[in-house]
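Colleague: Single-letter residue listing:
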Amino acid sequence: MTIAAGQVTPEQRKATRDRVARWSWPVVGLILPVAAGLLWELAVRSGWASGRLVPPPSVIFATFWELAETGELQRHALATCLRVAAGFGIGVVAGTLAGALTGYSAFIQRLLDPTLQALRAIPSIAWVPLFVLWFGIFEGSKITLIAVGVFFPVYLGVMGAIMSVDRKLVEVGRAFRLSDAAMVRRILLPAVLPAYVLALRSGLGLGWMFVVAAELLGASEGLGYLLIDGQQLGKPAQIVAAIVAFAIIGKTTDWIVSAVAAPFLRWEDAFVRL
Amino acid sequence: MTMLNLERVGKTYPNGVHALDAVTLGVAPGEIVAVIGGSGCGKSTLLRAISGLDTPTQGSVRLDDVTITRPHEQIGIIFQEPRLLPWLTVAGNVGFGIEDRPKQERVGRVAHALDRVGLSEKANVWPRELSGGQAQRVAIARALVPQPQVLLLDEPFSALDAFTRVDLQDHLLNLWNEFKPTLVMVTHDVEEAIALADRILVMRPHPGQIADEIEIDLPRPRDRQSAAFDFAKRRVLTALDRSLDRAVGVEHPEQKAAQGAAMWW
Numbered sequence: 001m002t003i004a005a006g007q008v009t010p011e012q013r014k015a016t017r018d019r020v021a022r023w024s025w026p027v028v029g030l031i032l033p034v035a036a037g038l039l040w041e042l043a044v045r046s047g048w049a050s051g052r053l054v055p056p057p058s059v060i061f062a063t064f065w066e067l068a069e070t071g072e073l074q075r076h077a078l079a080t081c082l083r084v085a086a087g088f089g090i091g092v093v094a095g096t097l098a099g100a101l102t103g104y105s106a107f108i109q110r111l112l113d114p115t116l117q118a119l120r121a122i123p124s125i126a127w128v129p130l131f132v133l134w135f136g137i138f139e140g141s142k143i144t145l146i147a148v149g150v151f152f153p154v155y156l157g158v159m160g161a162i163m164s165v166d167r168k169l170v171e172v173g174r175a176f177r178l179s180d181a182a183m184v185r186r187i188l189l190p191a192v193l194p195a196y197v198l199a200l201r202s203g204l205g206l207g208w209m210f211v212v213a214a215e216l217l218g219a220s221e222g223l224g225y226l227l228i229d230g231q232q233l234g235k236p237a238q239i240v241a242a243i244v245a246f247a248i249i250g251k252t253t254d255w256i257v258s259a260v261a262a263p264f265l266r267w268e269d270a271f272v273r274l
Numbered sequence: 001m002t003m004l005n006l007e008r009v010g011k012t013y014p015n016g017v018h019a020l021d022a023v024t025l026g027v028a029p030g031e032i033v034a035v036i037g038g039s040g041c042g043k044s045t046l047l048r049a050i051s052g053l054d055t056p057t058q059g060s061v062r063l064d065d066v067t068i069t070r071p072h073e074q075i076g077i078i079f080q081e082p083r084l085l086p087w088l089t090v091a092g093n094v095g096f097g098i099e100d101r102p103k104q105e106r107v108g109r110v111a112h113a114l115d116r117v118g119l120s121e122k123a124n125v126w127p128r129e130l131s132g133g134q135a136q137r138v139a140i141a142r143a144l145v146p147q148p149q150v151l152l153l154d155e156p157f158s159a160l161d162a163f164t165r166v167d168l169q170d171h172l173l174n175l176w177n178e179f180k181p182t183l184v185m186v187t188h189d190v191e192e193a194i195a196l197a198d199r200i201l202v203m204r205p206h207p208g209q210i211a212d213e214i215e216i217d218l219p220r221p222r223d224r225q226s227a228a229f230d231f232a233k234r235r236v237l238t239a240l241d242r243s244l245d246r247a248v249g250v251e252h253p254e255q256k257a258a259q260g261a262a263m264w265w
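Chains as they are written, first to last, in the numbering used here: chain A, 1 to 274; chain B, 1 to 265.
This list has only true hints and no planted wrong ones.
The calculated DSBU-like cross-link candidates involving lysine-lysine, where the alpha carbons are at most 30 Å apart (straight line), are:
#: 1; chain 1: A; residue 1: Lys251; chain 2: A; residue 2: Lys235
#: 2; chain 1: B; residue 1: Lys103; chain 2: B; residue 2: Lys180
#: 3; chain 1: B; residue 1: Lys233; chain 2: B; residue 2: Lys180
#: 4; chain 1: B; residue 1: Lys180; chain 2: A; residue 2: Lys168
#: 5; chain 1: B; residue 1: Lys103; chain 2: B; residue 2: Lys122
#: 6; chain 1: B; residue 1: Lys180; chain 2: B; residue 2: Lys122
#: 7; chain 1: B; residue 1: Lys122; chain 2: A; residue 2: Lys168
#: 8; chain 1: A; residue 1: Lys168; chain 2: B; residue 2: Lys103
In short, the hints are calculated from the structure, not lab data.
Sequences and hints are given; from them, build the entire structure.
Modeller: Written as structure tokens, this is what we have:
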């Protein structure tokens, strides 16, 4: 049986459908927010709503642009990024060390883990007054708060990852007579890496959350300051612009972590990419 | 002349289980020994003691003049599961044991080993993209690349379907032919033991001991359909039955049938 020219085989039809599906799924997700934005824009322009408290997209965009043109946005964003970077760095180093130690040694886990779990149960914002007393009202207390937020997910992630390394693969390392250092480098690190990247990403997410808290509680610059400033001066568009900036920068940094890790994790998604 | 010597090797686990009792055994260079027995007869414990992954609580394992207390470079092991490292490609896994060699030599030996197990085209594939049989072939290649004098196999094909299993047994014999390492393999598959081994050790449980020893001097390659093969099978099954203090059911080709017969009489 031959297939006439121009006739579409079921396989081709399925391929086309798959291609359309792959592009249309994200688009489906955009329908609601875009429609809502357009409707609100229309409502404000036609005078049905004042848009004073809820600015329409065009005003938000204009405010964003204005802040960017004067360099204000960059200055505040940079201040926030530096805080997150410092807090994230400290939190990751401390969390990784603590997680590695507790994951590796049952004794250290018994010694350290109960205390850390108890500290974890405290809402981190509750530390702020103490941190301000200890580290002053400027950068010290803010960076400490962020570091505390980042520490716990990284600590838990690393500890759990080390504890769940497949004992059978460790035995392969032993059968090939790996030294302790080689065991860490060739078995433990690669085995732990996927969970570690995940822990870093959730740590980073909490870092962004806590930088907002820290900056809301008193700062003279930073995206959080833009939020407070917008509230006090009654500029909702500036608040939303700062929120948009948070979203963009947060998503970008998360993407950077994933992208840096991706070459080392190719083995993991070999199936997904097929 | 034996190269691998076990002297009254015993193992009692910390929980008091007496898994292995006074096993004495000498294996000659290039010999293929199969250890067979029901589950819990200590055959895996025996293999782990030889590998140096576990140390016996009594007696000693010696390779030539060296007492084995931890993994030795001349002893390779193939586990029941492939245990490939998922973050290394197939080639990376095969070369895992010769990382310390110069790169050029490594590449050559890995390529050769992959060629010998028929997986050259899979060199750059991740382990999770392999079938069960392919993965176990990679594991065999990985264990053979360092060319150990002794290769231990712990029920290496038990997780595979019957066709793949026979295929891999033939594969293993081909590889063995290349540099004739000593093989000690644990199995619960009687046919597998007869197809491969020069000598079959039948083990008895509680505590694990060698109950019987059967020489298989059939020429290789062995015809699984031949009368001689069948006869050997009956001898092994009889020995297995005897090791479990069951009545002897020589007429029955399958252990299960023999068990049934024992109950009937």
